[in-house]
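Protein sequences, first through last, are from chains G and V. According to our numbering, the first sequence holds residues 1 to 681 in order. According to our numbering, the second sequence holds residues 1 to 361 in order.
The set of hints was computed from the structure by calculation and includes no laboratory data. Some hints here could point you the wrong way.
[Said to hold, decoys possible] Once the Cα atoms are required to be at most 20 Å apart in a straight line, the calculated PhoX-like pairs of lysine-lysine come out as:
no., chain 1, residue 1, chain 2, residue 2
1, V, K69, G, K210
2, V, K316, G, K210
3, G, K357, V, K221
4, V, K47, V, K221
5, G, K145, V, K320
6, V, K320, V, K211
7, G, K255, G, K210
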Amino acid sequence: MEIITTAWQALGDAWTLILNPATFGYLVMGVFLGLSIGVFPGLGGIAGLSLLLPFMFGLEPVYGLALMIGLISVVPTSDTFASVLMGIPGSSSSQATVLDGFPMAKRGQAARALSAAFASSLFGGLVGAAFLTFFILIARPIVLKFQSPELLMVSIFGLSMVGILAGRVALKGLASAGLGMLVASIGEGPFSGELRLASYDYPYFLDGVKLIIVGLGIFAVPEIIALLRTNRAINERGTLGAGWLEGVKDWWANKWLSVRCSLIGVMVGVIPGLGGSVVDWIAYGHAVQTTKDKSHFGSGEIRGVIAPESANNAKEGGGLVPTLLFGIPGSGSMAIFIGALALLGSGELEVGQVMLKDNLDYTYAIVWMLALANVVGTVCCIIFSPQIAKLTNIRFVLIAPFVFMIISFAAFQSGQNLLDLVTLFGIGLIGIFLRRFDWSRPAFLIGFVLANPVENFSNNAYQIAGIRMNNDGLAGSLNYIFSPIVLTLIVITVISVAMGLRQAKHIQAEGAVAAGRKRAPLIFTLLVTLFVCCMLFNVAQIPDYARVDAIFPLTIGVVTLLCCLVLLLQMMFKADDDPLFADTETVMNTPVENTDKPKGLWSTLAWFGALLIATALFGYIIALAAFLLVFFRYRAILPWVKALILTVCGVAFMMAMAWLLNRDFPPGWLQTIVTLPWPLG
Amino acid sequence: MNPTTKKLQLAAVAIALAVSGAVSAEDFAGKTIEWTIPFSETGGSAKWGNFFAPLLSEAMPGAPSVVVKFMPGAGSTKGANWFQREKHKDGTTVFGTSGSTQFPYLLGDPRVRYEYKDWNPVMATGTGGVAYLNAEDGKLYDGTANKLKGKTFVYGNQGATRLDLVPALAWDMLGLDVQHVMGIKGRGDGRKMFESGEATIDYQTSASYLKGAQPLVDEGKAVPMMSWGALDSSGDIVRDPTFPDMPTFKEVCDATDGCETTGPQWDAWKAFFVAGFPVQKIAFLPAGTPQDVIDTYVAAFDAVGARDDFAEISSKRLGKYPMFTGDAAKAALETALNVNDEAKDFIKGYLKDKFGVSLDK
Chain G
1 MEIITTAWQA LGDAWTLILN PATFGYLVMG VFLGLSIGVF PGLGGIAGLS
51 LLLPFMFGLE PVYGLALMIG LISVVPTSDT FASVLMGIPG SSSSQATVLD
101 GFPMAKRGQA ARALSAAFAS SLFGGLVGAA FLTFFILIAR PIVLKFQSPE
151 LLMVSIFGLS MVGILAGRVA LKGLASAGLG MLVASIGEGP FSGELRLASY
201 DYPYFLDGVK LIIVGLGIFA VPEIIALLRT NRAINERGTL GAGWLEGVKD
251 WWANKWLSVR CSLIGVMVGV IPGLGGSVVD WIAYGHAVQT TKDKSHFGSG
301 EIRGVIAPES ANNAKEGGGL VPTLLFGIPG SGSMAIFIGA LALLGSGELE
351 VGQVMLKDNL DYTYAIVWML ALANVVGTVC CIIFSPQIAK LTNIRFVLIA
401 PFVFMIISFA AFQSGQNLLD LVTLFGIGLI GIFLRRFDWS RPAFLIGFVL
451 ANPVENFSNN AYQIAGIRMN NDGLAGSLNY IFSPIVLTLI VITVISVAMG
501 LRQAKHIQAE GAVAAGRKRA PLIFTLLVTL FVCCMLFNVA QIPDYARVDA
551 IFPLTIGVVT LLCCLVLLLQ MMFKADDDPL FADTETVMNT PVENTDKPKG
601 LWSTLAWFGA LLIATALFGY IIALAAFLLV FFRYRAILPW VKALILTVCG
651 VAFMMAMAWL LNRDFPPGWL QTIVTLPWPL G
Chain V
1 MNPTTKKLQL AAVAIALAVS GAVSAEDFAG KTIEWTIPFS ETGGSAKWGN
51 FFAPLLSEAM PGAPSVVVKF MPGAGSTKGA NWFQREKHKD GTTVFGTSGS
101 TQFPYLLGDP RVRYEYKDWN PVMATGTGGV AYLNAEDGKL YDGTANKLKG
151 KTFVYGNQGA TRLDLVPALA WDMLGLDVQH VMGIKGRGDG RKMFESGEAT
201 IDYQTSASYL KGAQPLVDEG KAVPMMSWGA LDSSGDIVRD PTFPDMPTFK
251 EVCDATDGCE TTGPQWDAWK AFFVAGFPVQ KIAFLPAGTP QDVIDTYVAA
301 FDAVGARDDF AEISSKRLGK YPMFTGDAAK AALETALNVN DEAKDFIKGY
351 LKDKFGVSLD K
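So here's chain G without its partners, still in its complex pose:
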């Protein structure tokens, strides 16, 4: 009874927090931001939150939460535009929507598909929030008892999901996750401060690679580059057609499918690390299984739109469960969310058990803001549909430089260092190759995000088990490690891995990728192997007294190395059309009737490489101005006047952001010789 009264009180407090015009204003602002970011394929929660991060510092906690929740919850709704209108998944969780949404748009039923999707999204979002309310109520007393072994097990459970995300070649997925964990291990060791692949002479990497940079580099950069190379508008038709009401009726006719898929979405979202990359496929699969006449799937079946859209909004509610309850990020964007929370106010909010105990009102405020933001987001999507559709008519080549400009500014916020940009470029390159050779990018990010919790909790659990062993003997130690909760989690993990591996072949998180020649995939695998070897060699140097810092990277490194070696062996013996040699470039290079042949990868990258070098020489603002002008003139082939106007707009925007945040721009070589006034210097 006491549980319920506490919760009831907190729920009431939560509503007082939310029902305040200013809070609502921030929420709407977040929704608008999420809308404009979600429309661009490949840009989602991670990119959006990274941009917000610098504004979070010292902000009133409720306002900051409203801003972030507004953004997070609308992305799965707004990314539907890209999926339906142009056939490119707006984010990883709306890939399945493309299958039937895009054919509907081709038939001129874009509006019908969109409205069905929005209705499903809204419903899914509300189910997610309702679920979260009850889950927190029930789980709170249990979660507060969690000790290190239980928290470790939750993280391992999240990691085990890599099995599902692995794609067609399970070993590649595993190696990808291992790579992510190794990248996360770079820097000062967490226990004795020994260095792993870093040096005091180059202090930048002492703190490791920042999550923002990894998130942007792995997900956003490859998509931007890919879109830029095809050089077309996101949506080439630009008309939405009629059928808004029809779509809503479609949803109502399939409401039970929507209920089931929302529940699926919530359940998948709860699993830490899994995030949104598979939820849409599972929901889609469910829709296919439960439909009598399966012949329309893939050519515009409305159930194929309703199912994934119900699930992918509901998963945001589920995804908040590990985040709020354990402080273990449910996905990449949740990891940034956790970091951002710590910046709010004077840092009084901290997710995890502490928040559940001391800030139950904020916990519930988050839940109900999520629901509210879903409603606001859906309304905005419907009202602004024609405008957003027009936005997708713009050639991407005109948008890409601005997106890149904003991303690099966001990356630069993490360390206030030119090397932030270099790292973004480097990680972006890794992301491009992971995408190109069909190594699971979500698996990489899961590995990166969960590496620290796994290392810390296993270290704590190991040491405490040792102490218990000394004091209470073996039984005490085993009782501590294998508590009933841990045993339950182990059973769940084993079952989910077994089921996951069976499903994995049907789930292609990145879509189908053709296989081609052997050389490029082989070189990439060799490079990965080389990196793993360097890491292993480096951590093997750590002296004995500090070996706790070496255990984690050594273990992960050896496993990853084994994966790589087996992959290399297989590559020697398999034919070159094996999925092992998946390479997106093979598709692009085959001459098709398509007239606008994609531009080369390296020439596109060179533009951004040039921006980087120019920044190192002349500082960011001068380099950016020159880059924008030259890019618009020669790559986008605009007349000088137009190019100049766009450049001025871009630079002015950047300066306004920096002025607002009191930030400087990365200086270059020029600034070391002459002192220039802000923002040049």
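Position chain V relative to chain G; hints supplied.
Chain V alone, transformed into the frame defined by chain G:
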């Protein structure tokens, strides 16, 4: 805030401005002061910097904007090494250190490439710390550790050379068998471990104790053991003004069999306590700063300390501890760094024996 207080506050600021203007011709109008904190945005030093930044801005002549910047890394060594290379430009660079910056310096950590004596302290503040026990063992606690001997305690430790060195040595001196779980991410995580029952003894700095551990005490889940105390003007340890009802470690040690408050062990503990707590956070101007700029800052911080509402707002956010400015800050720094070689050697030997940490790499 009621109108009278507001007016008083304005008057105080106006007077402060007039005074500081009279002391120095330096005018910071239109300039931006960058106050660099060598930790992340979430730590205690960030709260400290953010508390003072707007107050400093109001009190400086010309009301410049004061921006807090963060340069985390290597437990503040990265930022301090950076500040060592900074030279005086126009008086707009301020740097804030913490106990975690002082300990590696005192212990001769090979990564330290900074020299405190080159820098110019303008303001310093301190804090205190409280150790507490779990409820079960707390019943055996009677102001001495005598009945706690023979029990095994578990403590989540952030790192052998961190501030945790002070509680670790204190418990050893009392003869407690404390097992250290190394590599905890912060004292907040240590408290979490205590709450879930994995750790059975813990310590927090004053502000965190009031916020996080006091509720546990109120619920009967924890028993306060002792504070580290505070320094009086003659350099002796007295009761912490924030926790006047709590015995200090010195009192508990005196009352406990086999614990000495004289000799090299005590001297070493006291030296590192002083370096880590009563003079914990210091604001510096870089090497080569002219005296008039230093005076301007000192006057500004004096004006901050003279605000009518200063005691009220600072006790809420920083605890009831004195703020030192100018010569007092210099003297405070002197006390913090004045650790004799015996104490240093003792601590180095202790770290090696107890934690296997060698600092002579």
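What hint numbers does the structure not satisfy? Per hint list: 2, 4, 5, 7 violated.
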